[in-house]
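Q: The chain contents come next:
There are 2 protein chains.
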Amino acid sequence: MDTRQLQLFLHLSTSLHFGQTGEALHMSASAVSRSIKRMEEEVGQRLLERDNRSVRLTEVGRQFQTYARQSMGQWQSFSESIKQGAEGLEGEISVFCSVTAAYSILSDVLEPFRRRYPDIEIKLRTGDQADGIAHLLNGEDDIAIAARPDKLSSRLQFFTLTHSPLLFIYPAIHCSVEGNIQSHLSSGAELPWQEIPFIVSERGLARTRLDQWFRSQGIRPDIYAQVSGHEAIVSMVGLGFGVGVVPELVLVNSPLKDKVQVLDVQPPLVPFAVGMSASAQRLENPLVKAFWECAKSSYRRDF
Amino acid sequence: MDTRQLQLFLHLSTSLHFGQTGEALHMSASAVSRSIKRMEEEVGQRLLERDNRSVRLTEVGRQFQTYARQSMGQWQSFSESIKQGAEGLEGEISVFCSVTAAYSILSDVLEPFRRRYPDIEIKLRTGDQADGIAHLLNGEDDIAIAARPDKLSSRLQFFTLTHSPLLFIYPAIHCSVEGNIQSHLSSGAELPWQEIPFIVSERGLARTRLDQWFRSQGIRPDIYAQVSGHEAIVSMVGLGFGVGVVPELVLVNSPLKDKVQVLDVQPPLVPFAVGMSASAQRLENPLVKAFWECAKSSYRRDF
DNA sequence: TACTGTGTTGCGTTATTTGCAACGCGGCGA
DNA sequence: TCGCCGCGTTGCAAATAACGCAACACAGTA
Numbered sequence: 390m391d392t393r394q395l396q397l398f399l400h401l402s403t404s405l406h407f408g409q410t411g412e413a414l415h416m417s418a419s420a421v422s423r424s425i426k427r428m429e430e431e432v433g434q435r436l437l438e439r440d441n442r443s444v445r446l447t448e449v450g451r452q453f454q455t456y457a458r459q460s461m462g463q464w465q466s467f468s469e470s471i472k473q474g475a476e477g478l479e480g481e482i483s484v485f486c487s488v489t490a491a492y493s494i495l496s497d498v499l500e501p502f503r504r505r506y507p508d509i510e511i512k513l514r515t516g517d518q519a520d521g522i523a524h525l526l527n528g529e530d531d532i533a534i535a536a537r538p539d540k541l542s543s544r545l546q547f548f549t550l551t552h553s554p555l556l557f558i559y560p561a562i563h564c565s566v567e568g569n570i571q572s573h574l575s576s577g578a579e580l581p582w583q584e585i586p587f588i589v590s591e592r593g594l595a596r597t598r599l600d601q602w603f604r605s606q607g608i609r610p611d612i613y614a615q616v617s618g619h620e621a622i623v624s625m626v627g628l629g630f631g632v633g634v635v636p637e638l639v640l641v642n643s644p645l646k647d648k649v650q651v652l653d654v655q656p657p658l659v660p661f662a663v664g665m666s667a668s669a670q671r672l673e674n675p676l677v678k679a680f681w682e683c684a685k686s687s688y689r690r691d692f
Numbered sequence: 390m391d392t393r394q395l396q397l398f399l400h401l402s403t404s405l406h407f408g409q410t411g412e413a414l415h416m417s418a419s420a421v422s423r424s425i426k427r428m429e430e431e432v433g434q435r436l437l438e439r440d441n442r443s444v445r446l447t448e449v450g451r452q453f454q455t456y457a458r459q460s461m462g463q464w465q466s467f468s469e470s471i472k473q474g475a476e477g478l479e480g481e482i483s484v485f486c487s488v489t490a491a492y493s494i495l496s497d498v499l500e501p502f503r504r505r506y507p508d509i510e511i512k513l514r515t516g517d518q519a520d521g522i523a524h525l526l527n528g529e530d531d532i533a534i535a536a537r538p539d540k541l542s543s544r545l546q547f548f549t550l551t552h553s554p555l556l557f558i559y560p561a562i563h564c565s566v567e568g569n570i571q572s573h574l575s576s577g578a579e580l581p582w583q584e585i586p587f588i589v590s591e592r593g594l595a596r597t598r599l600d601q602w603f604r605s606q607g608i609r610p611d612i613y614a615q616v617s618g619h620e621a622i623v624s625m626v627g628l629g630f631g632v633g634v635v636p637e638l639v640l641v642n643s644p645l646k647d648k649v650q651v652l653d654v655q656p657p658l659v660p661f662a663v664g665m666s667a668s669a670q671r672l673e674n675p676l677v678k679a680f681w682e683c684a685k686s687s688y689r690r691d692f
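Chain order of the listed sequences is W and C. Each residue of the first sequence is one higher than the last, beginning at 390 in the numbering used here. Each residue of the second sequence is one higher than the last, beginning at 390 in the numbering used here.
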């Protein structure tokens, strides 16, 4: 019976929805299901009465909820109490990430971190995801949220937080690009890759992967524009300028996601492993280390 | 931070000895070491100051000890509280095991079980370990602590609790058997197996294994006596009657362990997998199921 | 009747945990 | 002073446990 499981139960006991709880805790509904099952085995009684249409707490479940709240409360107050002990860490650390990461990933990490180390200031710098690793090596930032490079510098540590497939996207609005693609799709014909204008990353892993893909498919692409930052790609594609490639993470967090659609392309590009990275040297700094560990424990990676 | 880890920490914070704590919780010292390390990572501070000669709590460790006691207390009182809820299980289950198992294994299982289900009576029946499986199939007992047979009846469930090597033992006192063996050992000569009187199990897995071993080595043993119950073998060997084979578990729990010594024999016999077994049918009984689950969670198997 | 939404389950994969053995280090007796 | 012993830690291989995916079962809905 560990804190993570209690947290999961507490969330589920409120949401009463396996899928939602799973999403909130970055795991699949099946994992939630099994987790509850394990807890029920350990308790020896059913905590939630459930069928396909509804989930509700049993009486024991309600008691368990009380226990779980107490237990989590004690854990938190213990965490609080040792905070100001010995080393009441304070200072500043610098975190670099893309705008998308700041919205989707970092927010989950930051909340527990702030609760735990309220005196550590975080300097959050956003920019093109492709620059994250370089910033670490330059020493400009302490920690970066970035995609794991194919070969990682030995001076860097990396911890995967999630995976995100690289998706081809094309405009959803009516325009020449969209018309061209749709007509080929509906007739089942091969897409005329050479005629399609591409919006691609200026540099970075997405660009490398895409170039490799073009080569392996024997395609010489018509590069319409090179931009920095995946978010910009979604914008341009949404406006009908061409076809682009972005990580799914960027797409689902984009306000423009309804303006574009995903193109099913075979073979798919190899997915991004998105995580945090820091130089081994900087990790010796207790502040950086604290952030690192906190993120590790609060953000459960998926697979 | 789960209950098992807290329990481990609480034990260690009292014993201040990794090896002892490991033994008490059925794990190796290295596992204890890593477990503490993980907790320290999660807490973010050192809990125990330790070097090769001493282990002592840090200040944070003391606070953590308080937290751990509280937390475990809450868990226990929650367990108490739901006990009398819904199904205050009561009734009787019948457990069969050898005397050795009753001392060494069952005692660890029984204590938490009694705390949790005080109204379930346990009828404990001891006898030759070799009979355990048969008792289950006869329906004489609900659960048996026994060695896992080479082929397990499909009607039975088995859960391994620990492993125990099968050891050759010979008398430690001066006697003809001991003299014979020592003289060969000191001269480095092969042992004269045919001349050595053997005390063997009347039946059961130990007997089967030993017979196979004799065959594979091309030895026709001089069987001095066939006895039932491994404990009796230790007695007879200790008195100087001959050489016997017993699981290590029996040896270390025997009050006569100083009267015998282990003979290094190659190749060794394949170890016993000691665990609990029950018929699938009986496991549907909530009482039996409760015992089964309780034992599973309270007794951490080693490897 | 087909379809959608929801929790569960079989299966293969991945991550985590463990034991063993080797190591480093400090005390103790010869 | 040297070798030995006890104790905690670490590298490595192996086993366990947890996970995601996809398929499924079931009930409400269009």
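It is possible that part of the hints are untrue.
Which copy? The list can't say, so a pair holds if one copy fits it or any two copies do.
Simulated pairs of lysine to aspartate or glutamate, EDC-like, Cα-Cα distance not exceeding 16 Å [to be verified]:
1) 678 x 431
2) 426 x 682
3) 646 x 469
4) 648 x 412
5) 472 x 430
6) 646 x 529
7) 685 x 600
8) 685 x 500
9) 512 x 481
10) 685 x 430
11) 678 x 429
12) 646 x 682
13) 648 x 567
14) 678 x 481
15) 678 x 653
16) 472 x 448
17) 648 x 579
18) 426 x 440
19) 426 x 539
20) 678 x 508
21) 540 x 497
These are calculated hints, taken from the structure and not from any lab test.
Q: If the cut is 16 Å between Cα atoms, do residue 540 and residue 497 qualify within a copy, between copies, both or neither?
A: For residue 540 and residue 497, neither the intra-copy (27 Å) nor the inter-copy (50 Å) Cα distance is at most 16 Å.
Q: Under a CA distance limit of 16 Å, which applies to residue 472 and residue 430: within one copy, between copies, both, or neither?
A: This pair counts as between: shortest inter-copy Cα distance 14 Å, intra-copy 35 Å.
Q: For residue 646 and residue 469, with the copy left unspecified, which applies at a CA distance of at most 16 Å: within, between, both, or neither?
A: neither (40 Å within a copy, 52 Å between copies)
Q: Classify it for me, residue 646 with residue 529: is the Cα-Cα distance of at most 16 Å met within a copy, between copies, both or neither?
A: neither (32 Å within a copy, 67 Å between copies)
Q: For residue 678 vs residue 653, is the C-alpha pair at or below 16 Å within one copy, between two copies, both, or neither?
A: Neither, since 41 Å and 50 Å both go past 16 Å.
Q: Within a copy, between copies, both or neither: where do residue 678 and residue 481 come within 16 Å Cα-Cα?
A: within (12 Å within a copy, 54 Å between copies)
Q: Treating 16 Å as the Cα threshold, decide for residue 678 and residue 431: within, between, both or neither.
A: between (34 Å within a copy, 12 Å between copies)
Q: Between residue 678 and residue 508, at a C-alpha cutoff of 16 Å, which is it: within one copy, between copies, both, or neither?
A: within (15 Å within a copy, 50 Å between copies)
Q: Which holds for residue 512 with residue 481 at a C-alpha limit of 16 Å: within a copy, between copies, both or neither?
A: within (7 Å within a copy, 64 Å between copies)
Q: From the Cα coordinates, with 16 Å as the cut-off, is the pair residue 685 and residue 600 best called within, between, both, or neither?
A: For residue 685 and residue 600, the Cα distance exceeds 16 Å both inside one copy (33 Å) and across copies (54 Å).
Q: Given identical chains, is residue 472 near residue 448, meaning Cα to Cα at most 16 Å, within a copy, between copies, both, or neither?
A: between (36 Å within a copy, 13 Å between copies)
Q: How would you classify residue 648 and residue 567 at a CA-CA limit of 16 Å: within, between, both, or neither?
A: within (11 Å within a copy, 89 Å between copies)
Hint compliance for this structure: hints 3, 4, 6, 7, 12, 15, 17, 19 and 21 are broken, all remaining hints hold.
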